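Take a look at the letters that make up each chain.
Number of protein chains: 2
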Amino acid sequence: MHVQHLDPEKFVQAYNVDLQSLYPWEGVVEPPFGAAWAILSAGESTKVHQHQEGETFFIVRGAGTMTVDGESTPVRPGSVIFQRPFHQHVLTNTSDTEDLMFLALWWEDKKLWARDATTQKTTAAPSTTAVQRVMVTAAPPTPNGDLHVGHLSGPYLAADVYTRYLRLRGVEGYYACGSDDHCMYVERMGEKLGMSGPEAADHFVAEIEQTLKAAGISMHLFLRPDASPRFEPLVLAMFNRLWHDGKLESRDGPSPYCEICQRYLFEADICGHCPHCGDGVTGNTCETCGGVNDCLDIVDARCSACDTPPATRTFRRLFFPLSRYADALTKFHRGATMSARLRSFCERQIAAGLPDVAISHISDWGIRVPFTMENAEGSDESESPFSNQTLYVWFEMAARYLAYAGHLNDIANTEGDGAHDEEESYRSFWSSDEARIVQFFGFDNSFYYALMLPALYLAFDETLRLPAAFVVNEFYRLDGDKFSTSRGHSIPGRELLAAAPRDMVRFYLAYSGPEREQSNFTRAEFEDTVERELVRGFKPWLIELAQKVATEFAGVVPATGDWTDEHLHFYRQLEMMTAEAAEAYEPETFSLQRLSRVLIELVRTARRFGKSEMHWRDIEERQQERRTGVALELLAARVLAVLAAPVMPDFAGRLWRDLGYQEPLSDGAWELSPSWIPAGQHIGDLGAHDFPNIPAFNANKCLTQEPVPA
Amino acid sequence: MHVQHLDPEKFVQAYNVDLQSLYPWEGVVEPPFGAAWAILSAGESTKVHQHQEGETFFIVRGAGTMTVDGESTPVRPGSVIFQRPFHQHVLTNTSDTEDLMFLALWWEDKKLWARDATTQKTTAAPSTTAVQRVMVTAAPPTPNGDLHVGHLSGPYLAADVYTRYLRLRGVEGYYACGSDDHCMYVERMGEKLGMSGPEAADHFVAEIEQTLKAAGISMHLFLRPDASPRFEPLVLAMFNRLWHDGKLESRDGPSPYCEICQRYLFEADICGHCPHCGDGVTGNTCETCGGVNDCLDIVDARCSACDTPPATRTFRRLFFPLSRYADALTKFHRGATMSARLRSFCERQIAAGLPDVAISHISDWGIRVPFTMENAEGSDESESPFSNQTLYVWFEMAARYLAYAGHLNDIANTEGDGAHDEEESYRSFWSSDEARIVQFFGFDNSFYYALMLPALYLAFDETLRLPAAFVVNEFYRLDGDKFSTSRGHSIPGRELLAAAPRDMVRFYLAYSGPEREQSNFTRAEFEDTVERELVRGFKPWLIELAQKVATEFAGVVPATGDWTDEHLHFYRQLEMMTAEAAEAYEPETFSLQRLSRVLIELVRTARRFGKSEMHWRDIEERQQERRTGVALELLAARVLAVLAAPVMPDFAGRLWRDLGYQEPLSDGAWELSPSWIPAGQHIGDLGAHDFPNIPAFNANKCLTQEPVPA
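Protein chains in written order, with my numbering: chain D, 1 to 710; chain X, 1 to 710.
Keep in mind that the hints are not guaranteed to be accurate.
Copies of the same chain are indistinguishable here, so a pair counts whether it falls within one copy or spans any two.
Each computed DSS-like pair below joins lysine-lysine, with the alpha-carbon atoms no more than 30 Å apart [said to hold, decoys possible]:
no., residue 1, residue 2
1, K10, K192
2, K192, K331
3, K331, K611
4, K611, K47
5, K213, K10
6, K213, K247
7, K482, K10
8, K213, K47
9, K482, K213
10, K10, K331
11, K247, K611
12, K611, K482
13, K192, K611
14, K192, K213
15, K192, K247
By construction, these hints were calculated from the structure, which means they are not laboratory data.
Just so it is clear, the structure is predicted and the values come from calculations on it, not from any experiment.
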């Protein structure tokens, strides 16, 4: 006989219950389900989870509450609860004394799964095209240098592409960015170049703006902190409210201090090795692992200016106690879109215990800690212990995004009353049910964007809507080594953009960019890829298509006629590729690498289709099918223009115009099932002006940097 | 939420217990089992019974004794008893006062009971996977030289790949081919080399067979015309029936004749320019446009041997009047699968009027026109006007495929009676409702495969099933110019296959092969592509995956745990790519170019997924998700093995084995929704033995041909 008994020796702990596995029963039977006895201790809950199997709990003993997707019901012996796959469920033992025992039974049913997955996931998503308005942000560049190709490949291009995509989907996407002028690196670079901090900021912001423009990165707002009427008032308002509400702490704290340079060291002024990963690091944040340091915990710390190990001095400063928000952040993260990399980073940080973050430094650079009666210990400003301190740039950053929202509200409502106060202004943009915030940044900023800023918002005003999605990138490398302007191992963005049309550059950055892992730029691969895919792929297909239309249809779009199986199949492929492209543009599954490959495959498929359809040309009785074939190939070009527009706006705009449209490609042009180009519309020189040959480009000697040996 | 509670109002009496039925749960779910609460009153026993289902009792409350097949054991809450099907079982409540409550769960598992071998058939509909058996053919190579890379890229590889795909789908695919020994080119090449025709044929067939073997092109039948006991009898039987039924015509006809060489010119012996397209041509067929000529209509015709323009002489010969079958062919074409190129070719030929095709030539080479009383004009063979004539090889070709079917019938029915006559034998293979014929050939053979052979079958026996699908290829070029062994502008297949692993060669031929248009082989692109996609793509992903499993899971497949949205999305992508690959393998949409790109994208996507999932590794609370992620990445490797197997059988076989399977990848292994690799299975050195680096390959100097200027 085959019999097992309940046996505590066989219990294993999982999902916060004691489990005794029953099925599959080794050596006896492998039924189409798994089963286990489960015992949940008094007062405990099972771990919140979801999985691919359908599952049933048969309650045997005790009493509890079952919660599935937020809905709760009491359960008792004899209760049977079925959970569909992928629904979150929690069982709580409501007794203080007695165990709750149940039989858990699960099975995999792909039919069930398919049905559920589609209803549950795809109708809800994509979140950002279901709303009217999205504020898209990219982490503000530091104006201590121009942008190199590594910078461009990161948040700047991605946010631009995503905003253009939103517009094509009929969503009001606003791309807001700015310059991080109050960062210490700016003042230090100024000193090096014999400029004041503000002069250095102006100088490099001008360069950065030129580079962004050269790359076709088009922002609705580029905020300079000292030029914005909204920025500093919001920083101060936020500070004052937090201070007033007891959300900040004031206490003495130690800090590295350089006896030689006679200054307190933080950010640019201190360097050493990261206490978390051991890599080279400067003050406050590690570029490699994203971990934060308080400058004191830097290993082998030295003053950046004189290379001397610092002493420690103590002064009274302000802290933001981040750990108070751990639970709220966990809840926020559960509903926010982010990569596994970022999610796991956040969970590790929270599990390790969130630090108190110093938000004031002894410094002249940036916004002074405001004088309030509460933070004065004497009666006038000069007696405040904070009178020689400025606010940390990452504290500013929270208010910066509220300022963005206020400015965008002005832009979005040019006909509005304009009479809002600050708060009304940003709230009406930021917190509308019809609006979302999607933020792009490099992984090294994760601590601030995913933990500190949301916590500051929660502290400041818990009714503020937090960002819906974070899209992070990794580092781009050059010839296998880190980009480094100081070592000359870099390609300035403007040099590359002077050497090749910006759409080629954007295409290649999309094709090769560092999304989920570091990736590498080499000049040879750049040239090979654009040559193979664009010069010898996109261009000849379009040129041949235009010739076909010119020769056979006097240069106008034919009306469709009869359809063959191949025609229908090709139309379905266009729909399918449109869906794939949309997926690649959505934050949940954002991947410009994937997108670039969808475009390549679209062109390859259309070219192949065109070659195959050509053979109807000379058959009198098949002219109906010939028309359909050519109309479909032109439709593929139209689909290409739309799907490629976010990444290659110049190319897409030209193609759209050459397809005979009078009006430029407009907001909302994205279609799930593409519409025909109107029959009779005149076709121009498709492809003729796109993608110059690589030889011509090679002749240009702009890419002068040689790789530095690693 | 889906919840039921124990409810006496829902009890029914059965087997002497009160039963509350739980599963199937109407309107909610139909799991692969049934379940009920059961209450057995104090002192009672369940009715003795047996049934076909496996059954389990989970004891929840009370105490009792379980008896199975005469063996008894006490049971208490927490006891679990499994009963095999058809075993007698009785449960007795041993208490005088208390009910005994249990959960009864039963399921039908055919493995557990009858040996009822209901063969599972694949559910998907594509024509060739819906039948039991497919004869796959590739046009027989002419043994006047070894196969070069251009040949391999065409029907030989494609038919091999397709046959392997069929087997994976659970269809009995048989790949049949042979050598075209009776073609005039063979005798002429023999003369050049000082061999007899049969010697030349033997010599080159041996080379061809070695090359096919080196390429991993595996045929179930390779027919030599003079060695097959079925071939010549079927040719003669077909001739005799057609002659007897008046389907052939005998009349005087003009032919080119070389006064210097003193022979009638056709096939290899005459050259000039194609009357249809103007390109260079030899007798009877144009390689460029596929059009046929009767040798007289060749423009600027010359004798191939002496380069003299031929005279015209008339002789009595036999013709097959193809035009009689125009309507029947049109009807056949409508239901057959073929590309637009081939379909349009057929329609043009039919519209222009089909010719009478001469099926006998004055020649010693091939099968003699048989002597029958009807074709004798005197009374013995020597007086027949056809006594110095042989049958045209393209007439032979029709009977050749019937002979294939006969031979395959022998192979498929090794345990059969073997006593069939010729006709029964090929018909039982060829004309079964459960069988289909799919033919692969170069476009230059279109006239014969799509028009002449089907017409001969219609003339011979109109109940014969005609081919279901034709898959044609275009020419492969080398460095932009036609392959030409005689000009030395060629790469012998065996040289390339000696220089690189055959899976690399097969992959690149799939990636770049001439499907819908001519395509180009260059050594540089071959090396670049396999380096980029295989050496730097497939291989490192697999190696890293194996390392991950070794380090984190002691080298065994983890069981799945919790699922994130990314997990579900990735599983969906695997299903989607499987569907795309199937489409690329099916004759209607056959495209190895597409297939190779699906494989590349599968690896790219899996690599990206793996990089992203890595971040759960170090988080204690996320080990459930970590397991799911690694199990999914391993699943992607399993999917890759299956999808790639037709193109890269060595790689796929190794990968399958390294994924821990004891049995090799078997027929029928293709799954629409991939199944998990069993948890606990041991993983080997994934990727370690695949795809050597290109530098090692470069060192090999086999590819010696330099491009000839065009």
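Okay, the hints, checked on the actual structure:
| no. | hint | result |
| --- | --- | --- |
| 1 | K10 - K192 | neither (69 Å within a copy, 83 Å between copies) |
| 2 | K192 - K331 | neither (45 Å within a copy, 84 Å between copies) |
| 3 | K331 - K611 | between (55 Å within a copy, 25 Å between copies) |
| 4 | K611 - K47 | between (57 Å within a copy, 26 Å between copies) |
| 5 | K213 - K10 | neither (66 Å within a copy, 56 Å between copies) |
| 6 | K213 - K247 | neither (41 Å within a copy, 77 Å between copies) |
| 7 | K482 - K10 | neither (52 Å within a copy, 71 Å between copies) |
| 8 | K213 - K47 | neither (50 Å within a copy, 57 Å between copies) |
| 9 | K482 - K213 | within (25 Å within a copy, 48 Å between copies) |
| 10 | K10 - K331 | neither (34 Å within a copy, 41 Å between copies) |
| 11 | K247 - K611 | neither (68 Å within a copy, 38 Å between copies) |
| 12 | K611 - K482 | between (44 Å within a copy, 19 Å between copies) |
| 13 | K192 - K611 | neither (61 Å within a copy, 39 Å between copies) |
| 14 | K192 - K213 | within (27 Å within a copy, 69 Å between copies) |
| 15 | K192 - K247 | neither (38 Å within a copy, 98 Å between copies) |
In terms of the numbered hints stated before, the structure departs from hints 1, 2, 5, 6, 7, 8, 10, 11, 13 and 15, listed from lowest to highest.
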